[in-house]
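S.K.: First to last, the protein sequences are chains X and D.
Here the first sequence is numbered in my numbering, starting from 1 and rising by one per residue.
Here the second sequence is numbered in my numbering, starting from 1001 and rising by one per residue.
Hints are supplied without guarantee of correctness; some may be wrong.
Claimed, not checked - In silico DSBU-like links for lysine-lysine, alpha-carbon gap of 30 Å or less: (1) X/K25 - X/K198; (2) X/K565 - D/K1010; (3) X/K565 - X/K520; (4) D/K1101 - D/K1191; (5) D/K1100 - D/K1191; (6) D/K1010 - X/K563; (7) X/K198 - X/K565; (8) X/K519 - X/K25; (9) X/K520 - X/K25; (10) D/K1005 - X/K198; (11) X/K441 - X/K519; (12) X/K25 - X/K517; (13) X/K441 - X/K198; (14) X/K198 - D/K1191; (15) D/K1101 - X/K237; (16) D/K1191 - D/K1104; (17) X/K198 - D/K1101; (18) X/K198 - X/K237.
No wet-lab data here; the hints were simulated from the structure.
Keep in mind the model is a prediction, meaning the values are calculated, not measured.
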Amino acid sequence: MTKIENVAIADQVDQSSHPSTFLTKYIWSQDHKIIAIQYSITAIAVGMVALVLSGMMRLQLGFPNEFSFIDPSSYLQFVTMHGMIMVIYLLTALLLGGFGNYLIPLMIGARDMVFPYLNMLSYWTYLLAVLVLLASFFVSGGPTGAGWTLYPPQAILSGTPGEHAGIMLMLVSLAIFIVAFTMGGLNYVTTILQARAKGMTLMRMPLTIWGIFVATILGLLAFPALLVSAIMMIFDKVIGTSFFMPAILSLGETLDHSGGSPILFQHLFWFFGHPEVYIVALPAFGMVSDVIAIHARKNIFGYRMMVWAIIAIGGLSFVVWAHHMYVSGMNPYFGFFFATTTLIIAIPTALKVYNWLLTLWRGNIHLTVPMLFAIGFIFTFTHGGLTGLMLGNVVIDLPLSDTFFVVAHFHMVMGVSPIMVLFAAIYHWFPLLTGRFLNNKLGQFHFWGTFLGTYAIYVPMHYLGFLGVPRRYYAMGDTDFIPASAQTLNAGITVSAIIVGLVQLVFIVNVILSTFKGKKSGRNPWQAASLEWQTAQFPPEHGNWGKQLPQVYRWAYDYSVPKVKDDFIPQNLSSQEVEYLTNETVNNQEVK
Amino acid sequence: MQLFKSLQEKPWLPIALEQQANLPYCVSGKENAASTALRFFLAVITVIFFLFTITFLQRTQSFDFQALSGEPWLPFTNANVLWQNSAYLLLASISIILAKKFAKQQSLSAIMISLTTTAFFTLLFVSGQVQVWQQLNQSGFYIYTNPANSYYFLLTGVHALHIIGGILVFIRCVWLFAFNLSYQQLASRLKLCALYWHYLFFIWLFLFFLLTSDANTFKTIALICGF
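Put together the whole structure using the sequences plus the hints.
M.R.: Here it is in structure tokens:
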């Protein structure tokens, strides 16, 4: 028998041993689909914690000093943990660990990731990172309240909540997370490059895979900056080095530090932090492209441009980081450079928005729940993106940077928007996981509650920013230049936020109910052309494809092809297998 | 170039019938996957050391930075110990190439000798580095007393962790060979180990140069880099 190493992955017959015990099948599983679900459940669970934290913050802002369990320290701790959990432990983990894991092998026609054991290790290491982070709620002093950016020197100084165990657990947890991400990321990139089915050229890959691919490369190159800064800050805190710590007088006491640069930390942090925006956004761009094309029954407009735009955005994302630091002060030429690159990145991004709209234009739009969320995303992303263009300019950023305008901007662009796509993706791919639909009525309610609710939160928040309401403050106090009506607006935002939070419970209930009692979807319910819907068994089982891997004859967007019987052609269907309409049928259809 | 060519494909065009019978592969073979993953991993490590280096170069220009060589009383004005350590790592790097060669020749005793030599010299390097740390501490060059000391301990520490990671993979490779790897499989795994070891060596040479430079060299580098 031919040894498996000498055969192309695309030609290898299934020799994997299928897990048989509950432990190997569902707990210590090496199946990418199970690992994806493990990642997703953990990410959503920890995301719910972050959602509750945001509710607590909003309670304080909307109704100051009404709740005795929220004091200035705990408010800062809520802000910090909410931000870090949402950006890293929810969005990055769910988009790449969850959807990346689930979709990569299925969409490129592979049996699994190329290193399944490493993949399993990646999830358990991620879980360890989450547990270490959550442990900080239970240690003396509580979690760190340094803000999600963890800027030194204040992050490790007395006076900041959680300056001992809290900040240490945060830094250690981040380091562990980066190890987990690196294990997963190496797997995603290698699988996409090496394990694609026969015929699956790079340019036949669905845009979801392109988004995940480039985002993973960004993650592999950007997370080291966070690792480096975390290690150096741990040294400053524990050993007393002065990488980031200047000579400092803290609470009347002269510390031993000298000569360190807090600005250096900011550079490192944002060298990670800005690509992180695109680590979250690019998979979302890819997934929304696929959802729009499938539910509009039209090929994605400008596929090549979409791929090039993803690559261009990925490249540019490494040269814009200092636009987060205008208020820290910098050489004006630097400011000019970073403002320019920031505005340039809007070009490929806008191109993508136009292409989504042009895909919808004259499409056969099915207003399913995934499509509603996808269209909702176009709105929220455009709004968030436009305020990003404003803030990219130094002169506009300086007065607005420390106000709620920035909070509204980044929540619209990298909070609400990716989450709209995540919901679109969950509603879209749920039948692939379970063979059942999510409940449509509950889904519609979920969409409108979330979409309108987030606008009710963030539109007034922009206005608060214009009024000069500062962010990060526990309470505004007596501030003459802010009218009293701002507080009424704040209360309204809080009520909206609580409603949006409760609407998410409807989604959780929907997932649980539909998993067991949802309407059966049957095979390929959306009539999609991409490979993940064409597996031998439905839902796909371990090994995905049975004995032989599929062969790919076309791209993933053959929808409404003229003179073809069905309005989609699966990627694994050769030209000979496509059923065409007869001339008579075509004429009849034209008459109709 | 191949990548740019691929990116110009027009996937919406139908493919010809004869092309359907001859669909392209992406690439082939399990070894390729490991090799690709290793190259990406080394890229990640490169970014880590690159970022440390940038922060280091910036820090060299601060008022309290005291380079570790240049004056007779500084520890690395005479860096013989570090040269000796470098020689150990070079010998480890050479012996792992020999191990790969012997694996191809299926010469078991030569493989055993060269693998043992690799492990021996690598561990000698690590213990040599630990000795340098001890000497620095004994001479009063503590990790927290000067940024140059801090960076020395930090960068060599991270490099040592990088080596220990390599040693663990190396041990696994030898362990598998003892039980079920063929000579051919051992050779292909040792090829990757060799790449890792060469990389370790070049990173070390870079760190060696960086950490033992004198104040004037740092001034010149900072001038060129614009710090």
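S.K.: Tell me, in ascending order, the numbers of any earlier hints that this structure violates.
M.R.: 13, 15, 17, 18
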